[in-house]
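Kindly generate the complete structure, drawing on both the sequences and the hints.
In case you want the letters, here they are:
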Amino acid sequence: MNKTITINLAGIVFHIDEEAFYKLQSYLEAVKKSLKGTQGREDIIADIEARIAELFSERVQEKEVVILEDVDYIIATLGQPNDYKVDDEIFEEESSGFKKTVTTKRLYRDTDDKIIGGICSGIGHYLAIDPLWIRLIFIILFFGGVPIIAYLILWIIVPEAASTAQKLEMKGEPATLNTIEKKVKEGFENVKKKVDKLDLDETGKKVREKGSSFFGMISSIISSIFHVLGKLITGIFSIVGKLIGVILILVSFAVIIAIFISFITFSFIDVNFGSDIAPIFLSNAVINTPVWINSILLLLAVGIPFFMLLYLGLKILVNNIKPMPGVVKLSLLGAWLLSIFALIFISIDQFASQSIKVYEEPTVKEIQLQDQDTLYVSMKSSKHYDRIDPIFSMNHISGSYDESGDQVLFSKHIRFNIQTSTSEKGRIEVSRGATGTNYKNALDRAREINYHFTSKAHTLTLNNYFTAPTSSKLREQQVEITIYIPKHTVVQLDRTTGDYISYEIENDQDFYRKNMADHLWEMGEKDLLICLDCME
Amino acid sequence: MNIENTKAQMRKGVLEFCILSILDGQDKYTSEILEALKEAKLLVVEGTIYPLLTRLKNTGLLDYRWEESTSGPPRKYYSLTDKGREFTKELDQTWNELKNAVQKVTKK
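As they're listed, the protein sequences go chains A and B. Taking the numbering used here, the leading residue of the first sequence gets 31, the next gets one more, and so forth. Taking the numbering used here, the leading residue of the second sequence gets 379, the next gets one more, and so forth.
FYI, nobody ran anything at the bench for these hints, they're computed from the structure. Predicted model, so just to flag it, every value in this text is computed and none were measured. Keep in mind that a hint or two might mislead.
What the hints assert, rightly or not - In silico DSS-like cross-links for lysine-lysine, where the CA-CA straight-line distance does not exceed 30 Å:
#  : chain 1 : residue 1 : chain 2 : residue 2
1  : A       : K62       : B       : K390
2  : A       : K63       : B       : K467
3  : A       : K115      : B       : K461
4  : A       : K63       : B       : K482
5  : B       : K482      : B       : K406
6  : A       : K62       : B       : K385
7  : A       : K486      : A       : K144
8  : B       : K416      : A       : K115
9  : B       : K416      : A       : K53
10 : B       : K390      : A       : K53
11 : B       : K390      : A       : K115
12 : B       : K419      : A       : K53
13 : A       : K63       : B       : K485
14 : B       : K435      : A       : K66
15 : A       : K66       : B       : K416
16 : A       : K470      : B       : K435
17 : B       : K385      : B       : K467
18 : B       : K419      : B       : K482
19 : A       : K115      : B       : K419
20 : A       : K115      : B       : K485
21 : A       : K197      : B       : K461
22 : B       : K435      : A       : K62
23 : A       : K486      : A       : K395
24 : A       : K115      : B       : K467
25 : A       : K63       : B       : K477
26 : B       : K390      : B       : K467
27 : A       : K66       : B       : K482
28 : A       : K115      : B       : K435
29 : A       : K387      : A       : K410
30 : B       : K477      : A       : K93
31 : B       : K435      : B       : K419
32 : A       : K197      : B       : K406
33 : B       : K416      : A       : K197
34 : A       : K201      : B       : K390
35 : A       : K63       : B       : K419
36 : A       : K63       : B       : K406
37 : A       : K66       : B       : K477
38 : B       : K419      : A       : K201
Take a look at the structure:
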């Protein structure tokens, strides 16, 4: 049982089988399309419809319904859409001879032979290869992830071959390397021929014609030179244009793939497996917003312009790219602007998070010193942090793991200063500092710093590192240590302290800070340390 | 070069002249013109003819009128205009010259 549709062709009513109707419809559409630009197209179509009506009424006398066979007969009698095209050169006066109408093949999605979207079979038609090979390549590359994106992009921008004409165009002259080469050569030859012809014939003729006046001759020569130049330039431009198209496609595609892959890996790994990869860890440790948000924003901010470039390149190169719907264009523009604004906002937020540096009220501890006691200062290093390789290091702060394997920020940027105590007792002051958006924020962050030292009898042991949780981010965390000793007290700086002596300590030997280690010093006037065991 | 293309082009080249000649002397409707051309094997598919007819009409060589038909849609009867008749005469002359010339060249 078949459904029939009633149609009106040139004023006559026909009952037509549904299947036959669709075929007839797409045929007429294809014919209309192939007549695009022909004068009096409406009249021609009306004539064709009248003829179809005539043929139908001849054939449909008894059975009453037009079936597929009748439509096939119509197409066989009237010819394929391309047969309607009149080669204008044959009829037009003064045909230039090389204005060849090469029926170009176009890239369509072949939805008749599709597995997903008909891209592979479409490309197969375009290159005149069995689509099986294209599919195979896609599947092999599939594991690289690249073809998925390529496929999606192509799916969006390559139109489906819906009408007969489109299907014909899809399967037309194969665009193999040979034909491409041929076309390029034709392009060159066109230019050359035009140049030759114009040079020899036209210029000569014009010069002869206008030769009566000297200025006429000059002007004709100049005008033909410009004419030739114009043709040359247009010829060159069309070739250069294609080249630019190729470059645009390659570059933008590579960039899109790169961004996409890094986006996928970064946000996926970050969300699912934590972030042991340096850039993720670093980004997490520096930027307030989570990595996946940043990568989405970056993907949009960089990806959208490159997608537009890719689209442009494809448009230059392949003459059958769907025009992008206005909605898509607008939403892409919107998404791009949004991502740019968001990134600007994040940057400002980032900048603001360094706006104030705050040191907490120092922790003060007395140093038990008897008269004539020598204060012994040494550094204690951590076996763990000495051994472990930092994942990243920035502004003296590194990202790594603590003893239990959790992410942590640590720094060996410890400096201690030695000054004269105003009282008779010695003391040590330790102050932690960090930056933040405001005072409280910075202070809270400073207090998250983990730093230890021990002061036993006349021995001061300072950790040579501090740690901070990753959640407090890289915010110029710092530990400031000042040791206050009464005048004439002797300090033994252990060999291990070399790297941690502050620049601010003054000594009578004018030693660079590191060289002060492994010596005995006595506190003199105005915080000046006097060496007791240095060779004169 | 494709032999079919060359053949088609040769045919197309004289098609205009043939249509005008068919209409010379008596008015005919589209199907009759097609019939005549097909009989002479000048036409493989009909599609070519419609743009040609329209073009000839638009350049003022042909004119048409509608006539009711008993067995189908109304028929479009084409007729030569005065300009068309003159045009045909001239083409006729050119064709004869061309025919002779081609014969001379091809027969040696």
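Cross-check of the supplied hints:
For the proposed pair K62/A and K390/B, the alpha carbon gap of about 20 Å is at most 30 Å, so the pair holds. For the proposed pair K63/A and K467/B, the alpha carbon gap of about 35 Å is over 30 Å, so the pair is violated. The straight-line distance between the Cα atoms of K115/A and K461/B is roughly 26 Å, inside the 30 Å bound, and the hint therefore holds. About 43 Å separates the Cα atoms of K63/A and K482/B, which puts this hinted pair outside 30 Å; it is violated.
With a C-alpha separation of about 35 Å, the suggested pair K482/B and K406/B falls outside the 30 Å cut-off, and the hint is violated. Taking the CA atoms of K62/A and K385/B, the gap is about 25 Å. The hint holds against a cut of 30 Å. Simply put, K486/A and K144/A have alpha-carbon atoms about 81 Å apart, too far for the 30 Å limit, and the pair is violated. Distance check on the hinted pair: K416/B and K115/A sit about 19 Å apart at the alpha-carbon level, within 30 Å; holds.
For the hint pairing K416/B with K53/A, the CA-to-CA distance comes to about 25 Å; that is within 30 Å, so the pair holds. For a cut-off of 30 Å, the pair hint linking K390/B to K53/A stands: about 28 Å separates their Cα positions. Between K390/B and K115/A the CA atoms are separated by roughly 11 Å; this keeps the pair inside 30 Å, and the hint holds. For the hint linking K419/B to K53/A, the alpha-carbon distance of about 28 Å falls within 30 Å, and the restraint holds.
For the given pair, K63/A sits about 44 Å from K485/B by alpha-carbon distance, which is inconsistent with the 30 Å threshold. Among the hinted pairs, K435/B with K66/A is consistent with the structure: their alpha-carbon atoms are about 19 Å apart, no more than 30 Å. Taking the CA atoms of K66/A and K416/B, the gap is about 26 Å. The hint holds against a cut of 30 Å. With a C-alpha separation of about 90 Å, the suggested pair K470/A and K435/B falls outside the 30 Å cut-off, and the hint is violated.
For the hint linking K385/B to K467/B, the alpha-carbon distance of about 25 Å falls within 30 Å, and the restraint holds. As the CA atoms of K419/B and K482/B are separated by approximately 24 Å, the hinted pair is consistent with the 30 Å bound. A C-alpha spacing of about 19 Å is found between K115/A and K419/B, which places the hinted pair at or below 30 Å, so the restraint holds. About 34 Å separates the Cα atoms of K115/A and K485/B, which puts this hinted pair outside 30 Å; it is violated.
Between K197/A and K461/B the alpha-carbon distance is near 42 Å, which puts this suggested pair outside the 30 Å criterion. The suggested pairing of K435/B with K62/A holds, with an alpha-carbon distance near 19 Å, which does not exceed 30 Å. With a CA separation close to 11 Å, the supplied pair K486/A and K395/A stays within the 30 Å bound. As the CA atoms of K115/A and K467/B are separated by approximately 27 Å, the hinted pair is consistent with the 30 Å bound.
Distance restraint check for K63/A and K477/B: the Cα-Cα separation of roughly 37 Å exceeds the 30 Å cut-off, and the hinted pair is therefore not satisfied. Between K390/B and K467/B the CA atoms are separated by roughly 19 Å; this keeps the pair inside 30 Å, and the hint holds. This hinted pair does not check out: K66/A and K482/B have alpha carbons roughly 41 Å apart, beyond 30 Å. Distance restraint check for K115/A and K435/B: the Cα-Cα separation of roughly 17 Å lies within the 30 Å cut-off, and the hinted pair is therefore satisfied.
A C-alpha spacing of about 27 Å is found between K387/A and K410/A, which places the hinted pair at or below 30 Å, so the restraint holds. Between K477/B and K93/A the alpha-carbon distance is near 49 Å, which puts this suggested pair outside the 30 Å criterion. Proximity of K435/B to K419/B is assessed by CA-CA distance (about 24 Å); at most 30 Å being required, the pair is judged to hold. A threshold of 30 Å between alpha carbons decides the hint, and for K197/A with K406/B the separation of about 36 Å lies outside it, so the pair is violated.
A distance of roughly 28 Å separates the Cα atoms of K416/B and K197/A; the hinted pair therefore holds under the 30 Å criterion. Restraint check: the Cα-Cα separation between K201/A and K390/B comes to about 25 Å, which is no more than 30 Å; the hinted pair holds. Taking the CA atoms of K63/A and K419/B, the gap is near 28 Å; set against the 30 Å cutoff, the hint holds. Proposed proximity of K63/A and K406/B is supported: the alpha carbons are some 29 Å apart, at most 30 Å.
In summary, the hint linking K66/A to K477/B is not supported, as the alpha carbons are separated by about 35 Å, beyond the 30 Å threshold. Distance hint between K419/B and K201/A is fulfilled; the C-alpha atoms sit about 29 Å from each other, no more than 30 Å.
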